[in-house]
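Protein chains: 2
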Amino acid sequence: MKARVHVMLKAGVLDPQGEAIRHALGAMGFDGVEGVRQGKVIELDLADGASEADVREMCEKLLANTVIESYTVDMG
Amino acid sequence: MKARVHVMLKAGVLDPQGEAIRHALGAMGFDGVEGVRQGKVIELDLADGASEADVREMCEKLLANTVIESYTVDMG
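In the order they appear, the protein sequences are chains L and C.
Residue 50 in this note's numbering sits at position 50 of the first sequence, and the numbers go up by one each step.
Residue 26 in this note's numbering sits at position 26 of the second sequence, and the numbers go up by one each step.
For the record, the hints were derived by calculation from the structure and aren't laboratory data.
Glycine is no exception: its CB is placed at the ideal position from the N, C-alpha and C atoms.
Keep in mind that a hint or two might mislead.
Reference excerpt, derived from the structure (chain C facing chain L, CB under 10 Å, subset only) [said to hold, decoys possible]:
| hint | residue |
| --- | --- |
| 1 | I21 |
| 2 | E34 |
| 3 | L44 |
| 4 | G49 |
| 5 | A50 |
| 6 | E57 |
| 7 | K61 |
| 8 | N65 |
| 9 | I68 |
Using the sequences and the hints, build the whole thing.
Next comes the structure, spelled out in structure tokens:
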């Protein structure tokens, strides 16, 4: 089974990569880009029987820095 | 309006970050993690009227290296 985890910087945490992308898009002539946030996506290929709780534990312990990042888990 | 872009390494392209995560999860006692791929997610806050075609052009020109990466665009 598959699980997909999104890890994003929390609102209010400065995102220099996102800002760099926004600036570059503007310089390339893409108007109307009002904000950009960049995060990570982690796709896990799990043995059958793994639960969302297991994946959340992975997030808490390794995949996300919960001081500055939030995460969401999509199973299946 | 919002758009979300996922950028992943193409199948067959070595993903050292994903391998490092897989190895670390195993060392932490999480059994049954058979594979991990890590990619980027980019959330764009766009002015009204932006189209998926605009976002795909951003991907082709800046957000993804289409030699080794594939991307998907979700609008809304």
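Margin query: For a quick check of understanding: which of the numbered hints are violated here, in increasing order?
Written below: 8, 9
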